[in-house]
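Q: Sequence:
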Amino acid sequence: MLESWTLEEERQRRIAVEKVRSERIENVIKRLREEGWGEELDKLTEQRMKGLCTLEAVDKAVPLTENAWKGMREDVTKFMEFLQVCRLEDEWSCAVSKRLQWLQGIVDAHNLSSGGHCGESDLLAEFSDIALFPKLRTLLDKPPTDNVTEETLAKACEGALPALQEAWMREHEQYFIGLVKQKMRASALPDRSMLSLAIVTFKCKRCLNQDMRWPYVLTHACGHPGLRYFPPHPSDDRKKLEYRDIVDFFCAQRTLRLTHSHEYELEAQLASAAVEDVIRVCGYDPLTVSYAEMRDCKVRIYCTICAVPSVGFAQAFDWQNALHHSVPRCDTHGLGWGPLQIARSTKWAALDPEDTAMVLPLENAVRVSGSELSDGLYRCALCPYETRKSIWSHFRSAHKGKTPEIGTNFYIHPSSGNGKHYPIWVYPEYDRDDPTAAKDVKNGSAIFSPRLFQ
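Numbered by full-length UniProt numbering, the letters in the sequence shown go through residues 1 to 454 in order.
Just so you know, these hints were derived from the structure itself, not from any lab. No residue lacks a Cβ here, since even glycine has one placed at the ideal position from N, Cα and C. Among the clues, some could well be false.
Here are the simulated lysine to any residue pairs, SDA-like style, with alpha carbons at most 25 angstroms apart [unchecked claim]:
no.: 1; residue 1: Lys98; residue 2: Asp245
no.: 2; residue 1: Lys30; residue 2: Val76
no.: 3; residue 1: Lys19; residue 2: Phe82
no.: 4; residue 1: Lys240; residue 2: Ser128
no.: 5; residue 1: Lys205; residue 2: Leu124
no.: 6; residue 1: Lys60; residue 2: Asp42
no.: 7; residue 1: Lys400; residue 2: Tyr422
no.: 8; residue 1: Lys78; residue 2: Glu26
no.: 9; residue 1: Lys50; residue 2: Trp92
no.: 10; residue 1: Lys142; residue 2: Thr152
no.: 11; residue 1: Lys78; residue 2: Lys98
Here are the computed distance ranges between Cβ atoms for each label pair [said to hold, decoys possible]:
no.: 12; residue 1: His110; residue 2: Lys442; range: 24 to 34 angstroms
no.: 13; residue 1: Ala221; residue 2: Glu18; range: 53 to 63 angstroms
no.: 14; residue 1: Glu171; residue 2: His110; range: 16 to 26 angstroms
no.: 15; residue 1: Ala221; residue 2: Ser113; range: 51 to 61 angstroms
no.: 16; residue 1: Ala221; residue 2: Asp434; range: 40 to 50 angstroms
no.: 17; residue 1: Arg451; residue 2: Glu293; range: 24 to 34 angstroms
no.: 18; residue 1: Ala61; residue 2: Ala221; range: 26 to 36 angstroms
no.: 19; residue 1: Glu40; residue 2: Lys400; range: 52 to 62 angstroms
no.: 20; residue 1: Ala273; residue 2: Pro309; range: 50 to 60 angstroms
no.: 21; residue 1: Pro309; residue 2: Lys400; range: 26 to 36 angstroms
no.: 22; residue 1: Glu46; residue 2: Ser97; range: 20 to 30 angstroms
no.: 23; residue 1: Ala398; residue 2: Leu41; range: 50 to 60 angstroms
no.: 24; residue 1: Pro134; residue 2: His110; range: 38 to 48 angstroms
Put together the whole structure using the sequences plus the hints.
A: This is the structure we're talking about:
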């Protein structure tokens, strides 16, 4: 009996304490309304109202007196000002996200009308970059009270996107020119076409990826940083939200690449003397020839040290793949004197035009088939799929009935360029009865030459 009475007394005491606490909170809210905070109180979310009610000065089981209010008024008012900032920030964030959604639709429509996904489109500014263009940001970043509509954005983008893309490209171009000019040998290079030269490449100090070229280096993964995390519905103790944060989070939600950044370290590289020797064998001046000219160069070269009857075969290289050729018998990468220097200067020779005419179609077939060492990364133009192996298997499983055609429904990712691929083997004509040589020729990876081993 006594125990029941004690429990009841305790329950009544808790009810009384809770009543005093509730009355104090109600009186604090009443005081805030009297001081002009009524509209803000009505807009508080349940979570933020709870934050107000659990403030140390408010959450007490003591009646609110005039002196108590005067003592806590400043702290409570500051908290209300903070909640107001949070609410306005939330409204602004929602407005910006809605405008970004409109902009994405406009940009997607523009890209589709310009030909859709292709190697060239991979080099353009990402959607995240476009959202940061000053001309568009002035609209996207406006307060929610400003009447920015989808039509307003469409009008601002009409005819302007190509010019904005061009300005973005020129801005980044100047940055990369600056990197090249840091090299001692750069003074001998022409300013106007410096980045297009065949001997100019870039290396990432973060992942050690090298041989990247302008403008393909713009697509390098280290230049697109990961999402700087912030919660989608932040707590009241969050950091101040920036426009860039909203763009990043919007893109991350939609698996769009984040804006390009130079925060990672890049280093310009000028080709070695061995590369310059190869370019000269192809008939060009290494200080002036562009990468595009060398890429389209039809000259194929071979190692004169290998192309002798005692070895029994040679390999036909383009100018880039020649540098991957290094075996003990013909290694001239050292810096020795005498015979080594002579060997280096005579190591490479141009393949006979007739043999070259047989090699070129085989090279192209290797690239199109997508063998592992062909041109690196293939991308489907019909979907986001990419592969370093055969694109044919993807089309068989995902796009039945369609035949993969390079440049039409799939393309080589531009960061790969015309990179490393298997060389074409060259066997002497008198080896036609050799089973290995005959098999390689039948498989399309070799030719017989009646001229090379004479």
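Q: Output the indices of the hints that this structure fails to meet, ascending.
A: 3, 7, 11, 12, 15, 18, 20, 21 and 24
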